[in-house]
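Participant: Each chain, letter by letter, is given below.
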Amino acid sequence: MELVQTLVNGVLLGGLYGLIGLGLSINFGIMRLVHLAHGELVVLGAYFLVVGLVPLGLPPLVAAAVVVPAMFVVGWALQRFIIQRALGRGVLPPLIVTFGLSMVMQNALLLWMTADARTLHTPLASAGAPLGGITVPLIRLVDFGVGLSCLAALLVLLGRTALGRALRATSDDPETARTMGIDTARMFAVAGGIAAALGGVAGMLLAATSTFYPSTGSEVLLIAFEVVVVGGLGSITGTFVGGILLAVAQLLGARFLGPSYALVAGHMVFLLVLLFRPQGLMPRTAPG
Amino acid sequence: MIARIAILGGAALALLSLPLWADAGARSTLIILCYHAAIAQMWNLLAGYAGLVTFGQQLYIGLGAYTLAIASERLGLGIWPSFALAAAVCGLLALPIGALTFRLRGGYFAVGSWVVAEIFRLLFGNWAYVGFASGMFIRAARRVDPWVIYYASVGLAGGACALVVALLRSRAGLALMAVRDGEEAAAGLGVDVWRVKLFAFAVAAAGTGLAAALTAVQTPFIQPNAAFSIQWVAAASFMAVVGGLGTVEGPLIGAAIYVLVQQQLGGSGAVNLIVLGTTSVAVMLIAPRGIAGLVHERLGWTLFPVARRPSDRAQQLRTKSIPP
Numbered sequence: 001m002e003l004v005q006t007l008v009n010g011v012l013l014g015g016l017y018g019l020i021g022l023g024l025s026i027n028f029g030i031m032r033l034v035h036l037a038h039g040e041l042v043v044l045g046a047y048f049l050v051v052g053l054v055p056l057g058l059p060p061l062v063a064a065a066v067v068v069p070a071m072f073v074v075g076w077a078l079q080r081f082i083i084q085r086a087l088g089r090g091v092l093p094p095l096i097v098t099f100g101l102s103m104v105m106q107n108a109l110l111l112w113m114t115a116d117a118r119t120l121h122t123p124l125a126s127a128g129a130p131l132g133g134i135t136v137p138l139i140r141l142v143d144f145g146v147g148l149s150c151l152a153a154l155l156v157l158l159g160r161t162a163l164g165r166a167l168r169a170t171s172d173d174p175e176t177a178r179t180m181g182i183d184t185a186r187m188f189a190v191a192g193g194i195a196a197a198l199g200g201v202a203g204m205l206l207a208a209t210s211t212f213y214p215s216t217g218s219e220v221l222l223i224a225f226e227v228v229v230v231g232g233l234g235s236i237t238g239t240f241v242g243g244i245l246l247a248v249a250q251l252l253g254a255r256f257l258g259p260s261y262a263l264v265a266g267h268m269v270f271l272l273v274l275l276f277r278p279q280g281l282m283p284r285t286a287p288g
Numbered sequence: 289m290i291a292r293i294a295i296l297g298g299a300a301l302a303l304l305s306l307p308l309w310a311d312a313g314a315r316s317t318l319i320i321l322c323y324h325a326a327i328a329q330m331w332n333l334l335a336g337y338a339g340l341v342t343f344g345q346q347l348y349i350g351l352g353a354y355t356l357a358i359a360s361e362r363l364g365l366g367i368w369p370s371f372a373l374a375a376a377v378c379g380l381l382a383l384p385i386g387a388l389t390f391r392l393r394g395g396y397f398a399v400g401s402w403v404v405a406e407i408f409r410l411l412f413g414n415w416a417y418v419g420f421a422s423g424m425f426i427r428a429a430r431r432v433d434p435w436v437i438y439y440a441s442v443g444l445a446g447g448a449c450a451l452v453v454a455l456l457r458s459r460a461g462l463a464l465m466a467v468r469d470g471e472e473a474a475a476g477l478g479v480d481v482w483r484v485k486l487f488a489f490a491v492a493a494a495g496t497g498l499a500a501a502l503t504a505v506q507t508p509f510i511q512p513n514a515a516f517s518i519q520w521v522a523a524a525s526f527m528a529v530v531g532g533l534g535t536v537e538g539p540l541i542g543a544a545i546y547v548l549v550q551q552q553l554g555g556s557g558a559v560n561l562i563v564l565g566t567t568s569v570a571v572m573l574i575a576p577r578g579i580a581g582l583v584h585e586r587l588g589w590t591l592f593p594v595a596r597r598p599s600d601r602a603q604q605l606r607t608k609s610i611p612p
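In order, the protein sequences belong to chains A and B.
Here my numbering is used: the first residue of the first sequence is 1, the next is one more, and so on.
Here my numbering is used: the first residue of the second sequence is 289, the next is one more, and so on.
The set of hints was computed from the structure by calculation and includes no laboratory data.
Be a bit skeptical, because a hint or two may be false.
As the list claims (entries may be wrong) - Computed from the model, here is a short list of chain B residues facing chain A with C-beta under 8 Å:
(1) V341
(2) L410
(3) S422
(4) V491
(5) A558
(6) M572
Ideal Cβ placement from N, Cα and C applies to all residues, glycine included.
This is chain A alone, in the form it adopts within the complex (with noise of 0.2 Å):
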């Protein structure tokens, strides 16, 4: 009964996982960057929450309502003024542009907020609801059904609206789709502003289900990576599939060898599945 405690809890973290990785799947399909600074998006939405919103005595979803947009703002400026300048240079000059966001982001928060640890009090933290043998840890309910719902939005604005279809064809191929008179950089730009939203939200609900650091950001882009090659490069389903993937072997890693090999087992996870099954789990299916 423990073992399916444990599955549970995974699979439920699993679903905050996804939609982490949601956002650097984004950044790849779309324009192929690879987005160093993800981690530290996540976590400016987190302290947002935390610290600009919570103390004024915003009701969750209003303080939602707020973060999601403000994080578009931050995600779209971000690709429009700097990113946007690095792209098309080859491999090295968008991840240099990317770490150096990452780097000052992350060591602005340390200045501004302190290496203190954060949390969202919420009563949902610690509350459970009893089923068959075990108990479902309610904020984890949460995460994985926002995650889901994260990633059925994202599936049908990629594959059933105009914006999606811009969005895709400047994907597959960005010198025919100026010609059809698309904006690509001005696509990239609402890309980058969609994958910083998506940040938002996991921020938030990492903020609600754990405590969290500004070297929490590493740690996030890690999970963020390692959730996209697990899932499969180029799909965003598999994105998902490979959070609930990551998630579980962190919790199994801790439960059989010890809390201090949660991260391992997450990591060796990515490591078997670079050597068994380089594509990953779920490589390139429609959309997105």
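Please arrange chain B on chain A, whose structure you already have, making use of the hints.
Facilitator: Relative to chain A, chain B alone:
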């Protein structure tokens, strides 16, 4: 040519005669400068010449430093054999690690290497033999004369530059740059792309491991979170990019700037890293070829020429063969 000999000769003379005219403060600054220059040079070999941008070189910093610590502190090996062991361990381990991470391309290779380094950081932090996350002292290192450490680090930085120059002027170097400029085209010309990249990767790992062993002797204390820290890559990429990626003198210029910035902003790590990050981004966007690249563009001059130009004879042949 004369300017080159004058600059290199003057620098060598100044560095070698340092005990005659400088104090312990200058010595320790130069030791730090030299091992940073070597680390940056190895990162430059990969990112600037082999097209392998990696954020995982802290793995070889940690492995090199821990190899020296374990060999000299736990196994009772002498300091110098421990150095050789550090280079060997890093160079050999880079082969399977490279073989695995080369399955990822571009940016994914960069971050995949970071994950591998993370695994080692976590494992060393859980390892009782090396004192868990609190680390261990390297007592044998305290018996080494600081001037010996100084000469070793000057030799290391000089050796790293000489290695890169020699490598680039060799056949392997030509293959390496061909791979960087276009893998398919290089493969089409008969270059074994995978092998050439793995060779460069192992050489850079061994060089980085050697520099890391020197940092361990200089400190002489080691902790997994510091030894396997991503900040080593932040430093290496800053030095290579600001100094001039894909040039031999670039990492030297970058290392000098890095050490200067560190000393000016000493105390607060966060401010230091914000300055490094901002500078890297600005240089990449405004002058992506760095300081050495600017000098080359404006004055047409390089300290270590490794570029190949078609010979005059080849030029003549080409002009003749074009019909009027």
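Participant: So, for every hint listed, does it hold in this structure?
Facilitator: Hint check:
Checking V341/B against chain A: minimum C-beta separation of about 5 Å stays under 8 Å; hint holds. Given hint, L410/B at the interface with chain A, holds; its Cβ is 5 Å from that chain's nearest Cβ, closer than 8 Å. For S422/B, the suggested interface contact is broken, since its CB lies about 14 Å from the closest CB of chain A, more than 8 Å. A cut of 8 Å between beta carbons decides the hint on V491/B: the least distance to chain A is about 20 Å, and the hint is violated.
At a threshold of 8 Å, the smallest CB-CB gap from A558/B to chain A is about 4 Å, leaving the interface hint in force. A cut of 8 Å between beta carbons decides the hint on M572/B: the least distance to chain A is about 5 Å, and the hint holds.
When each numbered hint is compared with the structure, violations occur for hints 3 and 4.
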